Every structure is written in structure tokens, then in C-alpha cells.
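Asks: Sequence:
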Amino acid sequence: MAALTQVAGELEARGNQAGGEAEEILKAQALMAEDPGLVVKVRSLIDRGLAAPRAVFEAFTKYRTVLRGPADTWASGPATWATSGTA
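Quick note on numbering: the sequence shown equals residues 1 to 87 in our numbering.
Derived from the structure by calculation, the hints contain no laboratory data. Small disclaimer: the values here were computed from a predicted structure and weren't measured. Certain hints may be false.
[Stated by the list, open to error] Computed cross-link-like contacts, DSBU-like style, restricted to lysine-lysine with a CA-CA straight-line distance of at most 30 Å:
(1) K62 with K41
(2) K27 with K62
(3) K41 with K27
Sequences are here, hints too, so could you generate the full structure?
Replies: See below:
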């Protein structure tokens, strides 16, 4: 998927310009875009009939899930964050 490779390159370039913490974040996002498993998932979803933009959105679900953390921590609300170690 040439588009994902292009996006990864642009994220790397923006990260280099930004520096600091923004650079780290943008480079991490570039690594996500270059994930070979992501390309396989996008192609699979397109082959099953999804439009390309939706396929990309769905393929990134695994990253959203990992970055979000346990769903019950967020769903339980601020009252339980202090006891769950999330602040």
C-alpha cells in the first residue's frame, strides 16, 4: 500500500521538524503505518468489500485498543481511577 508508505514518510519528516516529544509520537505513528500486518489487514478488508478508507480505519483498531488500555478503566470513570492506578 503505497499510501501508507507515503503517510509514514510524511510522519517521519514532520517528526524530524518538530523534535522532542512530538518527534517520538510522530515516529511511533510512522511505525504503525509501516506495520506489514496492517497492510495485510487492509487488503483483506478491501477484498471482503469494505471501502479503502473504512478498511484503514478498521485495520487500525488494534492500535486504538492497545493505546486506550483496558476498557473497564475508562468506562468506570474518574471515581475509580485513583484505585486502578490510572490518573
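Asks: Each of the hints needs a verdict: does it hold here or not?
Replies: How the hints compare with the structure:
| no. | hint | verdict |
| --- | --- | --- |
| 1 | K62 with K41 | holds (11 Å) |
| 2 | K27 with K62 | holds (18 Å) |
| 3 | K41 with K27 | holds (21 Å) |
Checked against the numbered hints given earlier, this structure breaks none of them.
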